Amino acid sequence: MLRVICAKWGNYDDNTITQLYNNVKEKSSISFDFLCFTEFSDEFDKYQYQKDEYDYWDQGGLPHSNKIQLFNLDEKFDKDDKVLYLDLDVDVTDDIAYFFELPNDKPYMTWNYWAEYKPEEWKRLYNISHCPLYNSSVMLWKPGQNRSIYNFLKKNADKAFFTYRGIDTFMFHHFGPYTPMKDHFNYFREGVITTHRIHGHPDYDYEPPVIHILEGLTSEEKKRYVSNRRR
Amino acid sequence: MFKTYDMMWQVLHNVLDEPVLSMKMFEAYDGAIKFVTDVYPHREKEVYEAIRDGKDSIYNCDVYKKWCYKKLLELNLHEAYDFSKTNIVSAGYCFYDARFWSKLGIKTIWLYELDEEIRKINWRLTDYVKEDIKILGKTLDCVLDKDYLIKDVGLHINFNCEKYYHMKEAIKKEEYPSDCVFVFCGSSLKYKGPGTTGNGNINICETLDDFIETLPSMNIFFKDTINDKHMVIGCLE
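Going down the list, the protein sequences come from chains W and L.
Under our numbering, the letters of the first sequence match residues 1 to 231, in that order.
Under our numbering, the letters of the second sequence match residues 1001 to 1237, in that order.
Isolated chain W, as found in the complex (with noise of 0.2 Å):
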């Protein structure tokens, strides 16, 4: 079974679900499970503003680390389930039956091919709150396969949230190819995946891909871009 998952919290209303499961099942030439998360639990939110003086250069906070705990919460899936979580804010230009095809030996995340051609910009910011060589817009698993992520969160929570201002960096720095747990992830390859920020530009030629991540619009844009999307 294909699950396709969401998460909202904030100021995301319902039609924005609605609009994903729309956009997902007009898509796919396989059946699949939707289901959007909205309940999640209090048990990081002490470490969320532990610092007494926050300001946009500090780190810590971790926002959206609801994210990773889908990584627990999926144990109420089969374990032979594929769970393809996606953004609210994406738009599926084509088949996910893609994601249901692929190898699942290992998890899989984004990673953000576009970053890598400026190099001098991304490598700056190891120390700072954006890596943007992971993009958890997008990911695939199996229950389970992304728990110890999860479990190395809830052990080190304190520290996380203390030292990161994003779930991308935190993840790249801890579970990413240079660390002691480089082989926890497999990437889509290069295409798969778009960015609006980057591939959004009217110049750009690339081919179509399966996803495309609306990051880099404002809210208004992203649903004036939905409700005009191709079709």
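It should be emphasised that the hints constitute simulated quantities derived from the structure, not laboratory data.
Note that the structure is predicted; figures quoted are calculated from it, not measured.
When the alpha-carbon atoms are kept at most 27 Å apart in a straight line, the in silico DSS-like pairs for lysine-lysine are as follows: (1) Lys46(W) with Lys1168(L); (2) Lys1120(L) with Lys182(W); (3) Lys1070(L) with Lys1151(L).
What follows is a list of derived Cβ distance ranges for each label pair: (4) Gly191(W) with Asn1219(L): 53 to 61 Å; (5) Gly191(W) with Asp1053(L): 39 to 47 Å; (6) Pro180(W) with Ser1084(L): 19 to 27 Å; (7) Lys1070(L) with Pro119(W): 31 to 39 Å; (8) Arg197(W) with Phe1026(L): 39 to 47 Å; (9) Glu1079(L) with Gly216(W): 52 to 60 Å; (10) Leu1075(L) with Gly10(W): 52 to 60 Å; (11) Tyr206(W) with Lys1070(L): 53 to 61 Å; (12) Ser1022(L) with Pro180(W): 33 to 41 Å.
From the derived model, a few chain L residues whose C-beta atoms are all more than 10 Å from chain W: (13) Tyr1048; (14) Arg1052; (15) Leu1104; (16) Lys1173; (17) Glu1174; (18) Glu1175; (19) Ser1178; (20) Ile1220.
We put the CB at the ideal spot given by N, CA and C, even for glycine.
With chain W held as given, fit chain L onto it using these hints.
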């Protein structure tokens, strides 16, 4: 490959007090710059400036590292303790450091960085001591990945505690030899945005006493502050 006369003068100025090593250092510098130019061209300016000026925007100013090495020598700790196996966390570019490693009696050194490239560049920059010192290392966060640090060492230095969670949570007495000497450097340097120093400083301490609060309980041999930088040397108690 000296791009400017100024650069050649700077390297000469820094190595001529070491006649035995001077030629090897020149060769190491030349090889490292060629490597950086070929493999990590986006690093070229940074490495060049780090060697010329002893400064860079993310890591250490050489003046603070020299302060540490010279203080260890001045206190004769290398005579009293066995530094043959040493850890250094966040050393930055180590072109000049390796001379001090030799004086401190270091035979095997583990360099830990968050940044994989720094480590690879350091292999070249420290090439001039490779016959005397075995240089190893890992890419990790010394707090969250503390289980992967080598514990059987006589000297453990962290030049950038301000880039990590409190050291008292990462360094446990029961995990290290009782005679291991620790050097912790931290600072009050708060990052003020692109183009300024202090990039990635997440754990700044305004005063030396504040800094000591973040460290494991220690029998302190030396503590002081120069400019924004604090340094504490001691053993765990």
